[in-house]
Structures are given as C-alpha cells and as structure tokens.
Amino acid sequence: MLSASEGIKSANVNLAMENVAVEYDNDTIRPEDIEKIVDNLGFKLITKDLSAEQELDIESKRLKKLRFNMIMSLCFSVPVFFLGMFYHHLPNANWLMLVLTFPVVALFGREFFIIAWKRARHFSSNMDTLIALGTGTAFLFSAFNTFFPDYFYSRGLEPHVYYEASAVIISFILLGRYFEEKAKRKTSDAIKKLMSLAVKTARVIRNGIEKEMLISKIRAGDEIVIRPGEKIPTDGKVTQGISFVDESMLTGESIPVEKKPGDKVIGATLNLNGSLNIVAETVGSETVLAQIIRLVQEAQGSKAPVQKLVDKIASVFVPVVIGIAILTFLFWFFVPHPFTPPLLSGERMGDRYAIALLNAIAVLVIACPCALGLATPTALMVGIGKAASHGILIRDAQSLETACQLDTIVLDKTGTITKGKPEVTDLIWDSAAVEKEGIIKAIVAIESRSEHPFAAALVNHLQSESNEQVTIAAFESNTGKGVSAFVGQDVFHIGSKTYVDEKGAVISDELQPEEKKLRHMAKSVVYIARNRKVLLLAAFSDILKPSSATAVAELKSMGIEVHMLTGDTVAIASDIAFRAGIDLYKAEVTPAGKSEYIANLKQQGKKVAMVGDGINDSPALALADIGFAIGTGTDIAMESAPVTLIKGDLSRVVTAIKLSKETVRTIRQNLFWAFFYNIIMIPVAAGVLFPFTGFLLNPMIAGAAMAFSSVSVVTNSLRLRSKKI
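Just so we're aligned: 226 in the working numbering is position 226 of the sequence shown, and the numbers increase by one with no gaps anywhere.
Note that these hints are calculated values from the structure, not bench results. A portion of the hints provided could be inaccurate.
Stated by the list, open to error - In silico lysine-lysine, BS3-like type, Cα no more than 25 Å apart, as pairs:
| hint | residue 1 | residue 2 |
| --- | --- | --- |
| 1 | Lys607 | Lys658 |
| 2 | Lys436 | Lys533 |
| 3 | Lys65 | Lys36 |
| 4 | Lys658 | Lys556 |
| 5 | Lys516 | Lys503 |
| 6 | Lys44 | Lys65 |
| 7 | Lys231 | Lys217 |
| 8 | Lys516 | Lys421 |
| 9 | Lys264 | Lys481 |
| 10 | Lys556 | Lys661 |
| 11 | Lys217 | Lys264 |
What the hints assert, rightly or not - Just the calculated beta-carbon pair ranges, DEER-fashion:
| hint | residue 1 | residue 2 | range |
| --- | --- | --- | --- |
| 12 | Gln54 | Ala456 | 41 to 51 Å |
| 13 | Lys661 | Pro149 | 46 to 56 Å |
| 14 | Arg203 | Glu437 | 41 to 51 Å |
| 15 | Asp407 | Glu476 | 21 to 31 Å |
| 16 | Lys36 | Arg203 | 49 to 59 Å |
| 17 | Glu158 | Phe676 | 20 to 30 Å |
| 18 | Gly581 | Phe676 | 23 to 33 Å |
| 19 | Glu32 | Ile680 | 43 to 53 Å |
| 20 | Thr201 | Gln669 | 55 to 65 Å |
Heads up, the beta-carbon is just placed ideally off N, CA and C, and yes, glycines get one too.
Using the sequences and the hints given, assemble the complete structure.
Spelled out as structure tokens, the structure:
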C-alpha cells in the first residue's frame, strides 16, 4: 500500500523490529498522510522519535491490553459454552447467552471485525475476515432467533442459537495471539542486549589531561586509558601496556587474547589483568559492535514476511464461501416448484424465505474457519511442547516447520562442536625427571597464582594427583609469557617456549621430537623447567563434546551437508574438523564473514541452518533460514536464534529436525481433513443432496459438524505426544 502511494519512493517493512523505513517526497506527501495509509490497513504507525523506554512502555501497554481481552473473553465464554452445550433448554438460557456473548464480540474481539472491515474496503481478506465472518454470522443469527423466536416457530422450525461457537472461537484466537505477541517481543531483545554491551563513558587523555567523557564525545585519534576489569570503549590500537583481553562476547573464542603495543582491540571486549592505553581508530557506527548490530537488523529484515498458509487460502476461500451462501439463498428462494421441498408447500412451513435463509446460514456456519485455523497451531503447540521436553526451546513456530526442509547445516566450532575451554590433553615427561610428585606439587602451587586460562586448566588436571600445598617464594609473573618462582632451592619457569628460552632453560633431544609432534597436531604447549632444564611438556586443546562426532555422522546420513566455521587458525580448524568428521570447513572467519558464508549458501538455493553460541554468531544465526543457539553460550546468540539447545548438545539438532518432520506431517494431515471437511460439507449444507435423498442440513447439525472437525484436528495433533523421536 505504501509503495503504491504517490510521493513514496520506497518502503521497506521489518516485521521483526516492527518498523518501516520510508523514503518519500516531502512536497507530495506528509508523515500524517503515511500514518493514514497504514491506519487504513488496520495498523497503527508512529512517526515521531521515541526513546527506548517509550517504546517499551507502548509494547507493555499493548501486551497488557491483549492479555486483558483474552482473560475477560475466556471468563465470559466458559459459561456460554456450558449453557450452549448442556443447559440450552433452561428457561431464558438464550437471553443469558446473548448477554454473555455480546461483550466478547463487541468489546474483547472487536479488532477482528474492525480489521476485516478495513481489509474489505481494499478488496482483500485474511484470517480476521474468516473469524469475523464465521463468528459474526453465528452471533447475528443467534440474536435474531433470541429476539424473534416466533419467526421460525410459526414455520415449524426450531430457532437454534450458536452463541458458544461465536464466543469460544474468539477466545481461543485471542489466547493464541497473546502468546504469539509475547514470543514476537523476544525478537528485538537481541538488538537491545547488543546495544547494552556498549560502554557509556571512557577516560580520554587530551592535551596531557586525563578526563572521563561520554563515548559519543570520543573522536578518532583520541588516546584512551583502560584499567584492569574495564570494558574497552571503542575499536583501536594498543600504544602502551600488556594485558589479556576477553573477546568471547564478540568472537565466541573462550581463550583470552594477549594484547601488546601495536595490537588491535575491539570495543565492548573486557580487559582482564593489565592497564592499556589505546588510540581510538573507529568510533560510533563504524565500530565492530555497531556493525554486528546492523548485520543482525539487516538479517532480521531480510527474511520475507511469512504469509501464513491459512491467510493465502482465505483470500480465495472467503469470497467463495460468501458466493456459495448467496447462491444457496437465491436457489432455494427462486427454485422452480418441482424441486421445492415438500414441507415448503404446506402452510405450516410458510414461504421459501425461511428455508433459503436456513440453508445459507448452514453454509456460513459449517464454513467457519475453526478447523482450518486450528490445523497448524495445534500441531505446532504439541510439537513445541515435545521439543521442550527434549531440551529444545523453540521461540518461532515457523522454524519448526522449516527445519524439515534443511539440506545444509553450518556449525560454529568453539562452544558448539567443542567444549569451548582449553583442557590438558598430553603430559610428556623427560626421562631425567625424578621425584615427579614433588614437581607436580610445585606446578600446582605456582600455577594457582597465575590468571592465565592454561594455568587454571593445568591446576585442574594435576590437582587430583597432588592436594598438598608447598611454599613458594619470589613469585614473578610476566603477562602473556609465563611465571617463575622458587620452591625450596629449586627455581621453576613455566610458560611459552620464548619465555623459558629467555630464562636459559634447555629442551633435551628426547623432548624435541615430541614438541614438534604436538605442534603439528595444532596443540598449544606450555613448558615446565626446573633449574633451567625443561622436564615436562603440557599440551592443551579445545576438546570435542562427546556427542559432536555422532551428531555430525547422523546429520550426514540424513543427507544434510555439514560445514564448520571458526575464527581459529587453519591448523586448529583442520584438526577439529577431522576429529568431528566434517569435510567442509573455513578458518579465520570474522563475524561479517560468517554472515557472508551463510548468504552465499542461500544464494546457491540451499536451505541453511546455523548453529552457534557467541555474539559473533548472532548475525549468521539471524540470517540463516533457521538458527540454533547453544544454551551454554551467550544470551545474545540465544535471542538472535529462534531455537535454543538448552543442553548445548549437537544431538538436539538431529532431534529437532526429526520432530519437525513429524510436526509438518501432522499439519498436512490436519489441513487435508479441514479442507476435505469443507469440500464435502459445504455442498451438503447448500442442499446438493436434497434432489437425491431429500436431506437438508439443519444449522444445528452444521454447528455440531464444525465442532467435530475441530475435535478431529486437535486429536490428530495430540498424537504427536506419543511419537518416538
């Protein structure tokens, strides 16, 4: 509607973020005019700038209103249901049902009728049209029979009412929309949490004076001071200091990275144990964090709005049903006398108008979209519930439908295929090492004072062998290189090869081949020297999760192509891919590179899933046809992906795909029976059997048949609960 309006050059709607970007000619059209265009479609458009708090307030008010309408509608509908189904013969039951149903239709469910009317003015229809048509017809017909029961009594007919159908359908649809709205709000949480990572202030040195200022005031070229434990405010280059920086919130890699003069740093990452001075290089919208936020927004907006199958059908189904109802009325009103039902010829039945009206009403009641509307959501609700019992949280029901179509899965390495933290894989001793127990005690005591991740892993590995504490002296830590200390008369040096070399430690001919072998296997090596002789090599690696190789093999057996992406080196990537059984992988990939990789696969016509756990994965998770976030990862990754694997187990991806296939199969069965019911019963309601059998469908029976079709759809959906996945 916007694109077709004069003065509007382009309009791009992002349903995930609930906004629209409009490029328009201010001389031809004004924002107020654009608001009216959108309002005519049943939406409210806000064109003024709002703060995050104001937006949150509007969302909260809307959700509260929907919740109120849903609860009140249910409170009024439950007694109507019991009266209509079990106590409709009570005195004044019809009047009581009318009083209870009227607020449901006129107040709590009025949006359906308002939107249906606005759609009709533009010659379009959707699910709201079907709901308004079915419930409105049932209510008006019931109200007529309540106010004027003698009209049908005088013609020998029972004035049936269908208040329960009208009230209950509206209540159930409101209930579904409330939960849908709650789930939809999760979409924007990823962007909000990404934005919350940004630093608000920083200490900047200008004209030799250090002062704290807002991040928005920082310019490229400013010198910034970052103390231990503080976040780095913007992208830049280290000019002074040495420290380890935790970049896991952006890169997804768990091992802190050493930063020294000349190294690049990324805004929003955490400085761990040393002071750093950096020079700002990119600020504002050009930082890595800002680019990731933009990538997530673009990825969410690039997803085509999902046009529900029922809405597609409604565009044809509604006019067809109305046409059939009108033709039914005209046929029975003007039908030639030989085809007139014998009952109509008697004085007791009155004129043809009554029977024509009843048949037309029967068509509209039996065509009420209850079964059609329940076919997909009931199966999805059961499927999503079953997924939760398997440790799979699904926020987007569409993803459950999409999973069965996947032919390509892209896996992040760290925290997805692997555990995401270094562990000791090898301890190789020099044969000259004696009193190993004493050496182990010394290592545990010294490394317990170090903050390096390798030190923690080594202590965890060795502590079971030695719980005794020894006294150390002259402890010295060289950030990023290693540590030294005296234990008794012995001096220990523990760290990188460069560090022990600087200390004059010697590696024996016996250990040198083992050292080369470990490095060839892409493992990190820590050297332990006593009295300037290396006695122990400790190798570290990121370990595969127990289920990773099995899950990859099962995915490949299902005909799914498995890829791996990582920011690590080629050597490490190659080793992990080999151990996991993955043939296709790419190393040293940036966050933007992951998105590009996903986009390229999609351009090849593939249905792509992304599995990841870090903030760096969030753009790719949002861009993929379906994103799986590892539950042990960051909140941003989980908010960017519609599916979260709570236990962080790749086997859950296999389970989700199998469950998707079963759910989609159930949806297709439900839709078949819903359509089959309408195809068979609408002609019967129109009286097509009368010339052959003399049978005319009573509207009350039509209502019962409509209810039976809904029950059959729900029952079929519940069968999913007993399926073995």
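Evaluation of the provided hints:
no.	hint	verdict
1	Lys607 x Lys658	16 Å, holds
2	Lys436 x Lys533	14 Å, holds
3	Lys65 x Lys36	23 Å, holds
4	Lys658 x Lys556	14 Å, holds
5	Lys516 x Lys503	21 Å, holds
6	Lys44 x Lys65	15 Å, holds
7	Lys231 x Lys217	17 Å, holds
8	Lys516 x Lys421	23 Å, holds
9	Lys264 x Lys481	19 Å, holds
10	Lys556 x Lys661	16 Å, holds
11	Lys217 x Lys264	21 Å, holds
12	Gln54 x Ala456: 41 to 51 Å	45 Å, holds
13	Lys661 x Pro149: 46 to 56 Å	52 Å, holds
14	Arg203 x Glu437: 41 to 51 Å	49 Å, holds
15	Asp407 x Glu476: 21 to 31 Å	56 Å, violated
16	Lys36 x Arg203: 49 to 59 Å	50 Å, holds
17	Glu158 x Phe676: 20 to 30 Å	29 Å, holds
18	Gly581 x Phe676: 23 to 33 Å	45 Å, violated
19	Glu32 x Ile680: 43 to 53 Å	51 Å, holds
20	Thr201 x Gln669: 55 to 65 Å	59 Å, holds
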